[in-house]
Structures are given as C-alpha cells and as structure tokens.
Amino acid sequence: MPSLSELAQRRKPEHADDEPLVVVEGLTIRFPVGRAGFWGGQKRFVHAVDDVSFHIHRGETLGLVGESGSGKTTTGRAVLRRIDATAGRIWFKGNDITHVTGEHLRSLRRDMQLVFQDPYASLNPRMKILDLVAEPLVVHGIVRHPKDASDRVAELLQLVGLPKDAMDRYPHAFSGGQRQRVGIARALALEPEFIVADEPVSALDVSIRAQVVNLLQDLQDHLGLTYLFIAHDLSVVRHISHRIAVMYAGKLVEVADCDEIYEDPKHPYTRALLSAVPIPDPELQRDRHRQILSGEMPNPVSPPTGCRFHTRCPIAEDRCRTEQPPLEEKAPDHVAACWLT
Amino acid sequence: MSDDLRPASDHLLEVDHLDVRFFTRRGEAHAVRGISFTIDRGETLGLVGESGSGKSVTSLAILGLIQLPGKITGGDVRWKGRSMLGPVGEKYAHKIRGKEMSVVFQDPMTSLNPLFTIGTQIGEVPRHHLGMNKKQARERTVELLDLVGISNPQQRVDQYPHEFSGGMRQRMLIAMALACEPEMVIADEPTTALDVTIQAQILELLADLQQRLGVAVLLISHDLGVVAQVCHRIAVMYAGKIVETGPAEGVFSHPGHPYAAGLLRSTPRLDVRQARLVGIDGAPPDLINPPTGCPFHPRCELADQRCRDEMPPIDSYDGGREVACWHAFAERVGAEAEA
Numbered sequence: 001m002p003s004l005s006e007l008a009q010r011r012k013p014e015h016a017d018d019e020p021l022v023v024v025e026g027l028t029i030r031f032p033v034g035r036a037g038f039w040g041g042q043k044r045f046v047h048a049v050d051d052v053s054f055h056i057h058r059g060e061t062l063g064l065v066g067e068s069g070s071g072k073t074t075t076g077r078a079v080l081r082r083i084d085a086t087a088g089r090i091w092f093k094g095n096d097i098t099h100v101t102g103e104h105l106r107s108l109r110r111d112m113q114l115v116f117q118d119p120y121a122s123l124n125p126r127m128k129i130l131d132l133v134a135e136p137l138v139v140h141g142i143v144r145h146p147k148d149a150s151d152r153v154a155e156l157l158q159l160v161g162l163p164k165d166a167m168d169r170y171p172h173a174f175s176g177g178q179r180q181r182v183g184i185a186r187a188l189a190l191e192p193e194f195i196v197a198d199e200p201v202s203a204l205d206v207s208i209r210a211q212v213v214n215l216l217q218d219l220q221d222h223l224g225l226t227y228l229f230i231a232h233d234l235s236v237v238r239h240i241s242h243r244i245a246v247m248y249a250g251k252l253v254e255v256a257d258c259d260e261i262y263e264d265p266k267h268p269y270t271r272a273l274l275s276a277v278p279i280p281d282p283e284l285q286r287d288r289h290r291q292i293l294s295g296e297m298p299n300p301v302s303p304p305t306g307c308r309f310h311t312r313c314p315i316a317e318d319r320c321r322t323e324q325p326p327l328e329e330k331a332p333d334h335v336a337a338c339w340l341t
Numbered sequence: 001m002s003d004d005l006r007p008a009s010d011h012l013l014e015v016d017h018l019d020v021r022f023f024t025r026r027g028e029a030h031a032v033r034g035i036s037f038t039i040d041r042g043e044t045l046g047l048v049g050e051s052g053s054g055k056s057v058t059s060l061a062i063l064g065l066i067q068l069p070g071k072i073t074g075g076d077v078r079w080k081g082r083s084m085l086g087p088v089g090e091k092y093a094h095k096i097r098g099k100e101m102s103v104v105f106q107d108p109m110t111s112l113n114p115l116f117t118i119g120t121q122i123g124e125v126p127r128h129h130l131g132m133n134k135k136q137a138r139e140r141t142v143e144l145l146d147l148v149g150i151s152n153p154q155q156r157v158d159q160y161p162h163e164f165s166g167g168m169r170q171r172m173l174i175a176m177a178l179a180c181e182p183e184m185v186i187a188d189e190p191t192t193a194l195d196v197t198i199q200a201q202i203l204e205l206l207a208d209l210q211q212r213l214g215v216a217v218l219l220i221s222h223d224l225g226v227v228a229q230v231c232h233r234i235a236v237m238y239a240g241k242i243v244e245t246g247p248a249e250g251v252f253s254h255p256g257h258p259y260a261a262g263l264l265r266s267t268p269r270l271d272v273r274q275a276r277l278v279g280i281d282g283a284p285p286d287l288i289n290p291p292t293g294c295p296f297h298p299r300c301e302l303a304d305q306r307c308r309d310e311m312p313p314i315d316s317y318d319g320g321r322e323v324a325c326w327h328a329f330a331e332r333v334g335a336e337a338e339a
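Quick note, the sequences are listed as chains Y and U, same order.
One point on numbering: in the numbering used here, the residue at position 236 of the first sequence is 236, and numbering is uninterrupted.
One point on numbering: in the numbering used here, the residue at position 283 of the second sequence is 283, and numbering is uninterrupted.
In case anyone wonders, no lab produced these hints; they're calculated from the structure.
Hints may contain errors.
Stated by the list, open to error - If you anchor each label on the Cβ, the simulated ranges turn out as follows:
{"hint": "1", "chain 1": "Y", "residue 1": "L284", "chain 2": "U", "residue 2": "N289", "range": "39 to 45 Å"}
{"hint": "2", "chain 1": "Y", "residue 1": "R110", "chain 2": "U", "residue 2": "S151", "range": "48 to 54 Å"}
{"hint": "3", "chain 1": "U", "residue 1": "Q211", "chain 2": "Y", "residue 2": "R110", "range": "56 to 62 Å"}
{"hint": "4", "chain 1": "U", "residue 1": "H17", "chain 2": "Y", "residue 2": "V301", "range": "52 to 58 Å"}
{"hint": "5", "chain 1": "U", "residue 1": "R41", "chain 2": "Y", "residue 2": "G161", "range": "47 to 53 Å"}
{"hint": "6", "chain 1": "U", "residue 1": "R273", "chain 2": "Y", "residue 2": "H145", "range": "28 to 34 Å"}
{"hint": "7", "chain 1": "Y", "residue 1": "H289", "chain 2": "U", "residue 2": "H254", "range": "23 to 29 Å"}
What the hints assert, rightly or not - Chain U regions said to be covered by chain Y (calculated; three or more residues, Cβ under 8 Å):
{"hint": "8", "region": "56-68"}
{"hint": "9", "region": "99-111"}
{"hint": "10", "region": "248-255"}
{"hint": "11", "region": "258-271"}
Glycine included, each C-beta is placed from N, C-alpha and C at the ideal position.
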C-alpha cells in the first residue's frame, strides 16, 4: 500500500506546471446519416461530439465518464487521430496534429496507443502472443520478424505480469484478465507516452478488475505514462484518475479534480450520475438520498436546443431550454456547463 | 439444512442439493455442485457470483431450461413443496412457469421478437396461461405497460420492439413477467446491459413493484452494489457452490467467507477513495478440473492443508448466517487493508 505522500504525488503530477501533453480545443465530430426531406436535400448528422475542450498533463490520468452515446469513445478515437475531427483542433506535445498525415501521422502513432475494451475480440485468435505483442514493432519497422523481438516481448510480458512462456501460446489459453494484460503489453510495445484506455476493465470480473487497474497505475508510476481513461463506471474511475471529465450527449458538462467532483459536483447531471451508482453497503444505501432521472439520453441526430440535459434536468428553467450554457469556472480548477449552479 | 423440521411447503421455492453438469467434448463440467437454498413469499434473494460461478445455470435449472449437453444430475427443485423435476414434476412445472413463476432475462435487445408488436408478445402470456381472448389480453397488456411506467400505453401497445430504447424494453420484459401476477420473478442480471441512470430507474421499479405486489424475487447479479440495494438476503456462489448465505446487512458488513470478503474489497466504491484496489489474485477455477477440497483454496490467503484436502461443509452461525469455510469469520490478513 503506497504511503500518503506517494498518493499525493500521484494526484499532483510532477510536471503539473509544464505545458500539457494533450490539448483538445473545440472538438466537434459529426457523422452523416443519410438525408431527409422530399428531394433528400437536407443532410442529417449524428452530433457525436460537440465543442469539447480539455487538456491532459504529462503523467496525469484524465477519466472521461459518460453513458453510452455520450461521445466519450468518439472523443478518445479523435484524440488518437483514428477519427477525423469535423471542427476543432488537437495538440500533442505542443504540435497541432489535427491534420497531420502520411509519415508524420505514422510516427505520431508510436507515441499514442489504445487499449481496447473487449479482450476477447481485440486479440486475433490465430496469432501467438509473441506475434501479437511484436506486431506493432513489425508494423513500424523496428524489427523485421516477430522472432527478432522475442527479448523485447519477454520484457513486456514481465512488465504486465505474465510469464515468459506465454509467448508461445494462443489467446484462447488465457483468461479475460490475462488477455487484457496482453492488450496492454501490445500497447506498450512502442514505448508510447500517451495511452487511451477505452473501458479497459468493463468486460472483466470484479476480482480481476482490481488487478488490471492496479497494473495500469503501476505502469504509470514506472514509465511516466499519461492516460485518457474512458469509462461508464464512476466507481472505477475514482480510483485511477487525477481529474475527471463528464460527458453528456456529446457535450462536456463538467471537469474537476477527482475528489472534488465526488464531494462537490456542480452539474445536475453529474449529481444524478453519482447518486445512481449503487454502493455495496445495504445500510448506507438505504439512508442515501437518491435522485433518479426520468427519461433517456436525447437522440443525437436532433439534440435538444439550449442545454442538452434540460429534457431530464430536475432544475431546468426557461433559459436552459433556449441558451446553451458555456463551460465556466465554478470553483478553482472546476468547470461546469450549467446556468443554475 | 437447518430447516428440515419445518413442513416443506413453508417455502415458496426450495432448491435442494441441486447438481448440474455439462457433458462437453473437453470433459464433464460440473457447473452447479450440490447447492441448496430457499426463497419465502415476498422475499428478495440475491444470488451473487462472478462469471462461471454457476449462478445463471442455477436459474436455468429452476426454470427447467437446461438443455443438452447440460443435465440436472442430482438434487431437487421444489415449488410449494412439490418437485418440479422428473416426468411428473415437469408437467407440474409446465403449469407453474410463466404463471406463478416468471423470468426477466439480461439482454432486452435479444429477448423480444422484432417481428411482433409489443401487444402480441406480452398478450401471449395471459392468453396462454389465463385463457384470455385477444381483446382481454390487449386490455391486460395496456394495464401492465402502465404498471411498469410506460407513458401512452394505448398507442405503445401496437409498436414494435425497435421503437423502444433499452430501458423501455427492459420494462416490457418486466411487464411480460408480471402478466399473470406471479408469486416469484427470477431476474437474471436485469440491469447489466443498461446505463447507470437507466439501471437506477429499473431497480426502483423492481423494488416498487415488489412492495406493491408482494412478489418474491430471485435476483441474479455480479454487481454487489445492485444486490445491496434491493435484496433482503444474499447467497454468494463460487465455482458452482454456495459459499455464504445470510441477511444482506450481515454479509456486507461482516463477510464470513474469504471469497465474499475479497469480492467486497475488490469492488471499487464511490464513497471511499482507496489508495489501491485490493483484488483477488489468480482466476476462478476450471470447472472441468476443479481443485480438490475447497474450490477457493488456490486463491485464498488463509488456505492450509485441510482446505486443500477437504471441502468444508456449509455451517450455520449467529444471525442466520451460513458459511462454507474451515476458517469462517477468521481475522484476515487483508483486514488491515480494509481499515
């Protein structure tokens, strides 16, 4: 168990004052979904992500939380340049990478990697672990053949807590948690600085989940990694993030320090989301004031006017229905997009 | 079990030393290994366990839905004291299922037929079991949709499943389960496929319906938080065995089995910030070659020679608790981490 000073250090990354590693400004992503109108003249779009801005410091973990359809995965993919932004800009290490192509994009990919959600679907069942973990090295021309990288793979496997002889086996021989470790080793093969972890533990059992979360934390401490940790599960995010960003229907509604957001949430959606998470303690659960939202997330093709949350918001006023609230500072280092708090 | 002296019909459902095996090409997987529990009228029992613990197989066995290569190889399932297994029992079970005992499955996306309207699908249940005609069944369906909180039921009844969202479809399945005013509902991971805010809606609906209608519920879940919210009693399963049962408060505040304790410790909590999560090392055992003795011993920090050799029996303790462990309620090494 780490000491308190270690914990404090983890919460306040060393280079907090430096320039952020990742800066996203006004990111907007729309997907076309066929046409409406008699002559098909009117283009329709899914407004997946709308005017999202945030930054991530070196060595920091930003938890990106939202329900399905909130745009959190799309945002993560856009930061990695796997989806092109409709508008807005993305900076990585001080360089604008929004429109980088070709060889530059390729070399950029070495610095930023993705850990996928489903360890059953993300590993090719016909490839041995050696080939899987060495694949990024081969693709980027660092080694000619996976066999040349066996020392490096052994090192990576050791790093993620798998035995060396795992190399010669196929994914089916491993459990979900072990497969996720393989996925992490694969992401680490190119020694990236930045990792987007898209729901890395959602598919795992509770007792295994803790192992993988701990592994990710250890790797961050040892290798100085920066994470964008995407999740729908607020309780897991609390244990790994330094700061947390909450998304709703394509909009960023609140960003704050990890403890701050749990103790003093400013946006009504964040409050509702927190009170909806069940706590494994029957007595506490009974005494808890719970706020249950009615309705569901709006259709992203025709998002509501004004604040996107107004259709479900318990405190919405007329202004919320017509005007979109900006992301404002409500407390030091704590921004939220709401007219009423 | 300790309830042997009471008349059997006291309990609504009794599962008595149930044994289920799957005869696969790799060998015989012993999915459920002689488990016993009971459910009384109006009670909510939570059956908790991780994947592969046998919790869903147990629910399928109660519903008589175990199919080849699976087979119930021992024990008994009794409804109001009468066996539901064997040739005679199956006829009896046929009358019970869907009427007195119904089920809500996990995935609302695949549990409804996309080709029929909601009205047809929900109405089918009272038509079959209560002999209603089409018109009566439709009226009943409208009532049910209203009961589960769907607005505009008169129009909604003629819509198809794709016109509803995930949360609404789960409400449909609950409406379908309640169609014949059952005495018990089996809810198999009813909120796992849903978002948290929708999960909160569905759990509240379940709790509300349970209070109003007085149905017993067997809630199967891997999520300790969900179980803590709605269950009176819980049973923890591991590798096909029930390792601990007891009132929810007791089990959550002071778990007796190291696995139950480990599961609680590894569940990240919203209200507490831990420096580090404490997982359980290793992975659940392979049910084709389960370990000898206590199935949890390879992952247990208290395991000794006896645990490796002998399966501990399920013993009764104070406060209605039952734990299957040689070291039940022992002060654990991990207890420090908790404090």
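Status of the hints after comparison with the structure:
{"no.": "1", "hint": "L284(Y) - N289(U): 39 to 45 Å", "in the structure": "40 Å, holds"}
{"no.": "2", "hint": "R110(Y) - S151(U): 48 to 54 Å", "in the structure": "53 Å, holds"}
{"no.": "3", "hint": "Q211(U) - R110(Y): 56 to 62 Å", "in the structure": "58 Å, holds"}
{"no.": "4", "hint": "H17(U) - V301(Y): 52 to 58 Å", "in the structure": "55 Å, holds"}
{"no.": "5", "hint": "R41(U) - G161(Y): 47 to 53 Å", "in the structure": "49 Å, holds"}
{"no.": "6", "hint": "R273(U) - H145(Y): 28 to 34 Å", "in the structure": "46 Å, violated"}
{"no.": "7", "hint": "H289(Y) - H254(U): 23 to 29 Å", "in the structure": "26 Å, holds"}
{"no.": "8", "hint": "56-68", "in the structure": "violated (count 0)"}
{"no.": "9", "hint": "99-111", "in the structure": "violated (count 0)"}
{"no.": "10", "hint": "248-255", "in the structure": "holds (count 4)"}
{"no.": "11", "hint": "258-271", "in the structure": "holds (count 9)"}
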